[in-house]
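Protein chains: 2
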Amino acid sequence: MNAYPERRKRLADTFAARGVAVAMFEDTEGRRDPSVRYFSGHPSDALLFIAAGGQSLLIPWDVNMAASMAHVDRTVAYADFVRSPFKAMAGALAELGISTGAKVDLPSVTPYPMYIKYVEACPDYDFLCGDGGSQETAAGMRAVKDTEEIAIYRKVSQITDHVMDCIETGVKKGELVTEADVALYIERALRERGCDATGFATIAAGPSRSFGIHAIPSYTAAPFGTTGMSILDFGLVYKGYTSDVTMTFVRDTVSGKREEMIRLVEKAYEEAVAMCGPGVKSRDIALRVEAIFAEKSFTMPHGLGHGVGLEAHEMPAINNREDNDWVLAPGHVITIEPGLYDPEAGGVRLENDVLITETGFEVLTHSRIVYL
Amino acid sequence: MNAYPERRKRLADTFAARGVAVAMFEDTEGRRDPSVRYFSGHPSDALLFIAAGGQSLLIPWDVNMAASMAHVDRTVAYADFVRSPFKAMAGALAELGISTGAKVDLPSVTPYPMYIKYVEACPDYDFLCGDGGSQETAAGMRAVKDTEEIAIYRKVSQITDHVMDCIETGVKKGELVTEADVALYIERALRERGCDATGFATIAAGPSRSFGIHAIPSYTAAPFGTTGMSILDFGLVYKGYTSDVTMTFVRDTVSGKREEMIRLVEKAYEEAVAMCGPGVKSRDIALRVEAIFAEKSFTMPHGLGHGVGLEAHEMPAINNREDNDWVLAPGHVITIEPGLYDPEAGGVRLENDVLITETGFEVLTHSRIVYL
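Protein sequences, first through last, are from chains B and Z. Take the position in the first sequence, starting the count at 1, then add 115; the result is the number in this note's numbering. Take the position in the second sequence, starting the count at 1, then add 115; the result is the number in this note's numbering.
Don't read these hints as lab results, they were simulated from the structure. Where hints are given, some of them may not hold.
[Stated by the list, open to error] Some chain B residues well away from chain Z (every beta-carbon gap over 10 Å; in silico): (1) Glu283; (2) Val369; (3) Arg373.
[Claimed, not checked] Rough simulated footprint, nothing fancy, chain B against chain Z, three-plus residues with beta-carbon under 8 Å: (4) 187-198; (5) 270-283.
Positions of the beta carbon are idealized from the N, C-alpha and C atoms, including for glycine.
The task is simple: from the sequences and hints, build the whole structure.
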């Protein structure tokens, strides 16, 4: 596929309204930004400049990688700028022929001290860095998956479902008995089925550790699926895009506090998914879940969900924060993942990926609470 | 162990010279900072405030996790601030009784737009954000490992050496034949030996992919250890601290360009390690390696090494950048990892972890180029 020039063009079309001459994207350790990949195909470690006319300049760490993967107008090695982002900025503005006085859009995650140094390195330009910039525009573009991206999501969801089925069978048969067994089963299975990696460190937390939202370490040699509640949270990456699901395995005592927690999570999950559709404010869904839990004096210590895509967590936001004004739209792929945690009883979480369609929603993955 | 109050005290002792009343550390998605763990024991997702008197306030996402792992004076749930860092900042300054007009030190990675919002949320305080702040002080403290941390490094190095021996045997015996075989062998072995995780995604790149500095995906179902050069770059995490080693496996044709690259990398590695010691400028070591490669018209497309610790990449810097003014000191644990890459011949890299001692250096891990 070569959707890259068209994506760059769509981005560049937003520049005029803001008077921007060029936008820079940075993908580097500590500030990963898959928008570089989204707009260029280059998967890692680079600066990408997109000018108002749609012209593109990639400054990759690894020129061999760029030669085989990037689709851009021009490439200059980062080493040519002594690996200094400030020298690279000055070089790129010259290379692209950006007039002095022009507005240059920086990523909104640019650290305050780096902002100052860009200004010092290129004093004749006007650097923008804030909400509503190109990084946010890119996040909004990435939130709405196109036909090809949705096809990728159908495929990765199918593989994820199959892996979940195999894990359920393996745990029930007693073939997967530790957290590591489950997590490493996933690592091998995904590669045998054409996926690239897990989308994040698989969380396999047996009953002794499931009280944590994100168990640390993410999996150990401890038992999984024994008496109590075990959480398995994982995602598979296919062509760069990650799925994200959570299963909970429950053995023996489904009663008392555990039973109440499980019923509440199932109820919250079902109501939340049923609310999904175009035009719905994602915050309203999260507030409904909050109310379901609050009625029984429970609080969920994390957001209800999030968009997925080239990152495990991306736009749209799906939470109850006051500043969340996202409205669901066709093409959004989001997670719904209510969970409750108790130091004694352990944790329960149920998570699937949901595609927002023109008329409502489609649940892409089919995780569930498994009773052993 | 409870080194945390002592570490906080040492940090707070640096405040007076800069007129700082309180420093904030943030560990969150997109801005991971293990300094929160270094100063509190809390391993993930929190704001940590350390005041000039050494008082500490932790604002964790997961209060259950904090209750079991954090060693701080006081804890307040992030949810109590509606999960807003700006409200949490205002709350923390009040809770700690910081006088208005006081200097508040922010992490130097704080994005420019967030800096502006902190100022707006707490207009009566003076926010600092730049080089030479507490985040940098913390990085400098973390660079010099104490006795207990060095003991951890001896242990994780021993385990890493053992795993490398097993992998060499497994590849030679034909038991580990794909990139995934090698990478998953590591994942299981480390957990069986008491380690927590890999320090970063294991890179297992067979001959068809070793030309990349960091192969993407990091490992696949492709053959490993077949004709040509295969790179294995991995680290094991023990009690939070990561090792970092790279082996290269060479099969058959050690001649021509491949032979020249291997000999150069070995020569660069040996000279670089021999230069290590207290008082040595790390940049001088990197410049020497650059010269060795340049003499034969090769360029290394990445830095020579880096410190390791709670992060896979931390201080001191070990590279040839003009702004690298690090001087090696006893207690530094660094990697030395020269590598050369060619689209046709493939890549070769050799990496070990080196402890700087009072009198020189000690090579902690024992990776090597393996001839199959």
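The hints, checked one at a time:
no., hint, result
1, Glu283, "holds (21 Å)"
2, Val369, "holds (22 Å)"
3, Arg373, "holds (16 Å)"
4, 187-198, "holds (count 4)"
5, 270-283, "violated (count 0)"
The structure fails to meet hint 5 from the earlier list, while all remaining hints are met.
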